[in-house]
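A.B. asks: Here's the letter readout for the chains.
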Amino acid sequence: MRFSSSLRTAVLFGLVALALMANGKKPIAAAQLAPPPAPPSVALSASPASVQAGQPVTLTWSSTNATSVTLEPSVGRVAAQGSTTVRPSQSTTYTVTATGAGGSAHASAQVIITPAPPPAAVQEPSQEEIPSDQRQMRGLDEQIQEIKSDALRMSAELSRLEEKLLYPSGTQVAIFVALAKGDTMRLDAVRLQIDGQLVAHYIYSAKELKALRKGGVQRIYVGNVATGDHKLDVLVDGKLEDGADFSRTGQFTFRKEVKPKLVGLTLAGPRSGNTPIALGEW
Amino acid sequence: MRATRQLIGLSLALGLAARPATGGDLRDLYFGEALYHAYQGQYFDALQRLDTELAQYHVLDEPELDTLHYHINDAEFSVGDFELDYRMHQRAGRAIKAVLEGAVDEAVRNEAAFRLARIQFQKGQLDDALQALARIKGTVPEEIRGDVEFLRANVYMATGQPSEAVKVLAQLKSNESLAGFVAYNLGIARLQDGRTQEAIEQLDKAGQLPAGDPASLAIRDKSNLVLGTMLFESGNFERARQSLDRVHLEGPFSNQALLRAGWAEASAHQYDRALVPWNILVDREPTDAAVQEVMLAVPHAYASMKLYGRAAIGYGRALELFSNQIERVDASVRSIQEGRFLNALIREESREDETWVIRLRNLPDAPETYYLMELMASHDFQTALQNYLDLEDLRSRLITWKTSLDAFDDIIRLRGQNYEPLLPEVDAQFRELDSRIRLRLEQRKHVAERLQAMLTAPRPEYLATGEEQIAGERIALIEKQLGDSDKPESLALRQRAVRLRGALTWRLETEYNERLTAAYVHLNKLNAPVDALTRQYDAFVRTRQAATHSYVGYDVQIARLRERVGDALQRVDILMARQGHMIETIAINQLEARRERLVAQQNQARYGVADSYDRAARAQSGAEGR
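Residue numbers (my numbering), protein chains in the order written: chain B, 1 to 282; chain A, 1001 to 1626.
Derived from the structure by calculation, the hints contain no laboratory data.
Fair warning: there could be bad hints in the mix.
[Unchecked claim] Derived, one-sided and incomplete: chain A residues facing chain B with beta-carbon distance under 7 Å: (1) 1027; (2) 1029; (3) 1035; (4) 1234; (5) 1237; (6) 1547; (7) 1566.
Glycine residues also receive a C-beta, built at the ideal position from the N, C-alpha and C atoms.
For reference, chain A alone in the conformation it holds in the complex (with noise of 0.2 Å):
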């Protein structure tokens, strides 16, 4: 019963879905934009996007300064669920083991090891995923409370433990979100443990619960379903008849609860009570297999009741829709043999819900999808056609990063051609500039250790003007001149001079303060060109280099990656080739079952209209006898 066990996997996912870190909580952009993708189910570009956050982080020397620091957890734990979603459960877990073998709080480590656990569960590994269980001791947090109880119940009843499953279920009774789930798998795991009364009592119970949304209402109508089956195995046809009367019409269950419905009644003899859920049935979609059994039950009825008439009518009308639909799964294994079932399932508008793969059965000359419906709800099927879409997925990446490859090459063709040329005049005036820029740089770094050094050793005649040092030179020289001549007209002229030089003297000690600290606002004074200056030569460098850096060195990156992306091209072909003819096969074999079904209940109409019209026919004659 596939049915059952999706809904205890659904059931899992309920409770356990991820909880989204919300706009306001938010730190780390690229976790943000990581969720963006995921949330809408691209989880290729939500784990490339994590993949390299995470990357970066765990190179930094200070982590801890990072924004991604705030979610880091989350990230990680998210890395799994991703990985789980995109179906790559090999990789799944790895980084949530990573956390858990860190050094984190408690509370932290439990959570991994929930988490881990459930990825664990869903991968089938199930005693990793009691082992992971195990670790969580101490502090859990609140809101995960319930789900971890909830999954060992599920693990204990996977690995055959039902009595545990029992024993934890019977703790989880008060948990309002899981009530429906809890009900029900706590029935399911009675019945495995062989206490079958119990089990019906609390399936009794788990079909009587209240139930809001569709989930609920969902494992509701299972618990009658199997109830209703229990009784009527046990032949309690008039509680079986109650239980599945429970079951929502509309709900997906409703087919097989009208029909067992049907057959409790029929088992009791009472074929006219039969008859009320049977046609009912008997209008619904006729690729359903218990609207296509109930064909057949409904002229059964009538047939026992003595109504050939009627019987011959419905067994005519039965005979009819086999035939019909044998036709139609003939189409349909025609359609997926000329592949159109693939080039269905590639096209893109129509996958918009849950129930796309049913809808193909709206496009021309798609194959009769309905047919397909039990092998859809197969794990390893859904699994199949999901991997096939990521090859389709991944197929027209790879093309696209192709173009992208070639449009590299263009651009760092044309950036070439733009650059070449120019720069060898760019860095020829470079040179010159960075040139005269140091050499600028230098004289006023002189001239600051200059008067750094006047502060402690005062040298007046360094702060002189022009004139004044010209004034100074010329004293010098006419002193020179005169030399030691004791003529009279020179001794007045080396006397003047020697008043010339004590102004200037003086003139340069009186005013050195004044000047000194002039010159250190002028050299002040400066900064703000130097640092101006600065920026730009720095800005240039960086420009200029990222010149180079904008079309050198990727001719072997580009290479290497181009030769990956052919390589993953062709493998993705074969891929999908191989895949698309393993989901045609399975499809095909699964509608040659049903056609095989067809054939044998084709067979039974017919003979069932000859019988019917054989026995009316005697019915009248023996009543005209009388």
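Just chain B, with the same shape it has in the complex (with noise of 0.2 Å):
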């Protein structure tokens, strides 16, 4: 943090005259000619200055001529003299204020809070050092832990259940679509056709993109198609780097067996040296 000099002028101008004015009060008249009682003194002291939140700190004042000495904040009335033990949780100037026949006298005394010392790495407390809405948060997370076991559980159950009725081995085809390592192109958009049926147009998120990028597989396409030979158009919008757009066709056939087909495209960008689309079969 550097500060310049301008700005360090500015602040220490202290416009006593405007802040006056502006409180709107009128100036006290001038001395009287009796001679005034003695004017009270009063004294206050903390220690220790510095603490961490909530830690005592004794307060300690005296005073003379005084009819009634106050100590703020959140002390009230107290003695002419004494001490008080308080436990700022932040910093705080305490002032104690002894008024008298003479009029009324100030003193400060201020509390710096200081930050707990860095912790120990991640400990783990005791059970008897949890606080209950902790242990009641374990207890909790324990059951949704189990609420989420049992629901993977019945995902995959359902899943299988799902292949079972809508896609059965016979007559499944999944396609997959990846990125070449590596590939810097941004893809938009990929179209399927199977046997001139389109069967998925699907348009990428830039979460998704990330995904493809880091070398996720997206299973983009489960359908159903008869044993044989089979024609596949893909079309891959996207765009190069500086933006401009590409568009890639390519045509292949594969062959559906008796036993679940899994397609897997690998696109690359035109500029890549890489074939734009490669078809790969499982």
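Join the two chains into one complex using the hints; note that each chain is given alone, in its own frame.
C.D. replies: As structure tokens, this is what we get:
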């Protein structure tokens, strides 16, 4: 943090007069003729002057010629002299005000709250140390983990059921899309036709594209075809690094046998030197 | 200091992020699909896919022929990572333990031990983490060597063995990718070890390391903030200020640094200099605790400089701010009590990046989430929030599943309606065709066997044509009718019959080889149609079976699943209500604590205003008196 000198100068201007005008109070009257009563005096000290939040600090004061003494904030009216313990949660300026026939006097003492020292790295508190809401949180957390396990099991069973009902292995074909390793093109959309029928037209979000670039593989289509040879038309739309649009098409034939058919399409940008659309069969 | 914990966690995560399997190397499409979901934070889908793949893999007779075999260790490791990411700590690590216990080579076993230790560290099972680390022996893969030691040091620090941590971290100093984190942790380890002066020197170094990315910059700022605070506490205000000055002005620690830099100056009675950082801080986000504290610190500095008018204005501004903020906190509490916080949380469109919770404040009637930042920095609250969202996700999945099960029922009913009237006729036709096909195949088999036998025991008569057979039979009949009569006309006829038989036999015998070859050729020509017939037959059988399988035998499974989904939905609803209530209560408690503090600050400001006016008035009357 570097501060310019002009900034320093600016903040150092204390415009008391302006402040007084702003507060609208009238100036206090001139001194009276009779000899004034002795003015009160007061002193305040805080020990220690800096602590961590919530730690005790002893405030000690003494006053003379005072009829009432108040200690603020949070303490209130106190004896002419004495001491008290406070536990401030933040840096606080304590002010003692002594009021008497001769006027009033103030004294302040500042207590600075210092941050707790850096902790030892993550440590597991023992059960007794864990507050009840945290215990409750953990109890719920365990139940949530159980229901997650249950849901995963159900989901697996459901997807097996779905596969059996909707995509039996005799007719199942699944088409996957991956990007060539290290490819930088921005894939916008992929369109697939099997035997002239449009089966998928997928537009990619930034998140999906990122997942593909990291090596993820998208299952873009699952469907049913009869055993035998099938024609697959692939249309890829995308953008190059410089923002120019490009479009590539590919035509392939794959053979569906009795077992489920997996077709993998690996896509590459036109400037990568790789085949734009490569087909792999499993 | 939660931020320190977070940073230590962050440093670990940065160093230990799972290496992605890239497109070019990938051989198993379903493993790639699991990664695709995981990279998008869809851990439920990733886990479900990978669990299914692994379960199938483990029951294979020859797993080495499966494409997952190429990635099996990565897959087992990934399951653990995904489970941890999906906050399933109880399950996380089971798959990795299996790798660790299996017959794998040293490098893989060491990587498994490291990953297990990392999971256990994150779960807070520190002794287990140490045990897992102790299993690492011999060859450690190059790419995880630094991470292993960094983790070891973290575990030592967490288990109160800072001197051990210092030894490990000192060895890691040359690791560039972990430089900032190693330097900072080394400072903290020395501090924990009671070597304060060395800690100060180390943090001083950590605070001056070059930082290229946001994470390195954050850890450097953190080093300077911690160092500045330590120096301040030890009364070394000048050095404290220097260190705090190094904290990046726009970074996450800048508010605290500005506040403390001011206190460092104020403690040395340099109030004018304290005002420089404080006046920067005073215009920042008013919900920030440091900003609220500085609202009182600034007028305090003016008062200390006897500029009571300015102090009065400052306290007045503070008073206004605290009053506004108290109203804001009250409105936030009301908003939470009315359920708006939870409603805002589950709005999907708001969850696009890491700061989504903070951005909820922009939604109408949502609570002031800035006040919950400190809470949100705590791991437990984060987990609670994420769990709430996970429950919401599960709830919508369960509802979708319920609909799917209804749809499955419909499909099954419609298929039944379609197939049931058709199948009896199809089956009857099939039975008839089936018997004909079987008969023909049997005949073909018989012919093939006969031809085979004729290779060793020639039977020319078997290859006679129909005409020849009829001719042979007629000759036999004539011979029978002629009998043994010795009439001259019979004798001539009998000789004719013998000649005819001889001619027939001659033809059969001399043409035998040709005929046998031709028969073989004809038989072989049958192979193609027979194969086609067999394929068609098999295809029909499969289709016929599929027709039955498409609607028969699902009732029990679907009914059971429907029951489970219903039960789970009820449990999710109950858990969501409890989890939501707990989140609301904790958030409200936090807001109330902030309110209490604001009220105390408000009182201080109120007193400050009065006091400043009083002093200003007296100062002025004093001046006039003179």
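A.B. asks: Compare the structure with each hint and give your call.
C.D. replies: Hints, verified against the model:
The closest approach between the C-beta of residue 1027(A) and any C-beta of chain B is roughly 9 Å, which is over the 7 Å cut-off, so the hint fails. Annotation: interface hint on residue 1029(A) holds; nearest CB of chain B at approximately 5 Å, less than 7 Å. The interface hint given for residue 1035(A) is met, as the beta carbon of that residue sits about 5 Å from the closest beta carbon of chain B, less than 7 Å. The interface hint given for residue 1234(A) is broken, as the beta carbon of that residue sits about 10 Å from the closest beta carbon of chain B, more than 7 Å.
Residue-level restraint check for residue 1237(A) is violated (minimum Cβ-Cβ distance to chain B is 11 Å; threshold 7 Å). With its C-beta approaching chain B no nearer than about 10 Å, residue 1547(A) sits outside the 7 Å limit, and its interface hint is violated. Look at residue 1566(A): its Cβ only gets to about 11 Å from chain B, farther than 7 Å, so that hint breaks.
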